[in-house]
Amino acid sequence: GESVGLHLPTLSVQEGDNSIINCAYSNSASDYFIWYKQESGKGPQFIIDIRSNMDKRQGQRVTVLLNKTVKHLSLQIAATQPGDSAVYFCAETSTGTASKLTFGTGTRLQVTL
Amino acid sequence: DGGITQSPKYLFRKEGQNVTLSCEQNLNHDAMYWYRQDPGQGLRLIYYSQIVNDFQKGDIAEGYSVSREKKESFPLTVTSAQKNPTAFYLCASSKWQGREKLFFGSGTQLSVL
Chain A
1 GESVGLHLPT
11 LSVQEGDNSI
21 INCAYSNSAS
31 DYFIWYKQES
41 GKGPQFIIDI
51 RSNMDKRQGQ
61 RVTVLLNKTV
71 KHLSLQIAAT
81 QPGDSAVYFC
91 AETSTGTASK
101 LTFGTGTRLQ
111 VTL
Chain B
1 DGGITQSPKY
11 LFRKEGQNVT
21 LSCEQNLNHD
31 AMYWYRQDPG
41 QGLRLIYYSQ
51 IVNDFQKGDI
61 AEGYSVSREK
71 KESFPLTVTS
81 AQKNPTAFYL
91 CASSKWQGRE
101 KLFFGSGTQL
111 SVL
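Chains as they are written, first to last, in the numbering used here: chain A, 1 to 113; chain B, 1 to 113.
Do not rely on the hints blindly, as some may be mistaken.
Stated by the list, open to error - Simulated pairs of lysine-lysine, DSS-like, Cα-Cα distance not exceeding 30 Å:
id, chain 1, residue 1, chain 2, residue 2
1, B, Lys70, A, Lys100
2, B, Lys14, A, Lys71
3, A, Lys56, B, Lys101
4, B, Lys71, B, Lys101
5, A, Lys42, B, Lys95
6, A, Lys56, A, Lys71
7, A, Lys56, B, Lys95
8, A, Lys100, B, Lys95
9, A, Lys100, B, Lys9
10, B, Lys95, A, Lys68
11, B, Lys101, A, Lys68
12, B, Lys57, B, Lys83
In case anyone wonders, no lab produced these hints; they're calculated from the structure.
It should be emphasised that the depicted structure is a prediction, and the values quoted were computed from it without experimental measurement.
So that you can see chain A by itself, here it is in the shape it has in the complex (with noise of 0.2 Å):
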């Protein structure tokens, strides 16, 4: 658990402002994504997901936008915390099954104060 994350994109970002994540797929046919946070030594965490009918999902303090014409997802943090800082990463699938989810390798958010 520890060593998971090394090696990963790194994105430093100062306390208070917004951050953006971006994650790029290449199966046009998929149809369902979701952004996972992974904080070191523990499991990762469900934030949001969204359909391929949406182009743009709220939640608290976060918002996934969807671009399927370049097939790009992203990830915005509003007023980033401390807390935020982990590993996040997406998923996706286009079989409508969970064991066929594709995941990526992930993004590391330090967060500065």
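Following the hints, put chain B in place on chain A, whose structure we already have.
Then chain B, alone, in the frame of chain A:
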């Protein structure tokens, strides 16, 4: 509180030894999954189960075995045939095997002595 419990948090395996990782859920979910997480890689599916007494191989099942005798429990055995077992192992569950988000346990870090 409902959730997924994995144990132990850390596990060490000797050469030629089989070890079993425990996963218990009290979410009343039908589907359960085992993933392997290596540094810099996305989660990879080892095995999954949709109902009691039934399970299917995932993408990297070789060297692993599972059982699903109870709805709540889905233990994973890492056999001696798995030559590179060092990884972070994550158990997850979902209500059913459809477009449902996965809930993850806190993981088990397996290392080879």
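A quick look at each hint next to the structure:
1. Straight-line distance between C-alpha atoms of Lys70 of chain B and Lys100 of chain A comes to about 23 Å, which keeps the hinted pair within the 30 Å bound.
2. Note on Lys14 of chain B and Lys71 of chain A: the hinted pairing is violated, with a Cα-Cα distance of about 44 Å set against a maximum of 30 Å.
3. With a C-alpha separation of about 18 Å, the suggested pair Lys56 of chain A and Lys101 of chain B falls inside the 30 Å cut-off, and the hint holds.
4. Under the criterion of a C-alpha separation no larger than 30 Å, the hint pairing Lys71 of chain B with Lys101 of chain B is consistent with the structure, at around 18 Å.
5. Between Lys42 of chain A and Lys95 of chain B, the direct Cα distance comes to roughly 21 Å. Compliance with the 30 Å bound is thereby established for this hinted pair.
6. The hinted pair formed by Lys56 of chain A and Lys71 of chain A meets the criterion: a straight-line CA distance of about 14 Å does not exceed 30 Å.
7. With a C-alpha separation of about 25 Å, the suggested pair Lys56 of chain A and Lys95 of chain B falls inside the 30 Å cut-off, and the hint holds.
8. At most 30 Å may separate the alpha-carbon atoms for a hinted pair to count; Lys100 of chain A and Lys95 of chain B meet this at roughly 15 Å.
9. Proposed proximity of Lys100 of chain A and Lys9 of chain B is supported: the alpha carbons are some 26 Å apart, at most 30 Å.
10. Between Lys95 of chain B and Lys68 of chain A, the direct Cα distance comes to roughly 27 Å. Compliance with the 30 Å bound is thereby established for this hinted pair.
11. Proposed proximity of Lys101 of chain B and Lys68 of chain A is supported: the alpha carbons are some 20 Å apart, at most 30 Å.
12. A distance of roughly 18 Å separates the Cα atoms of Lys57 of chain B and Lys83 of chain B; the hinted pair therefore holds under the 30 Å criterion.
Of the hints listed earlier, the one the structure fails to meet is number 2.
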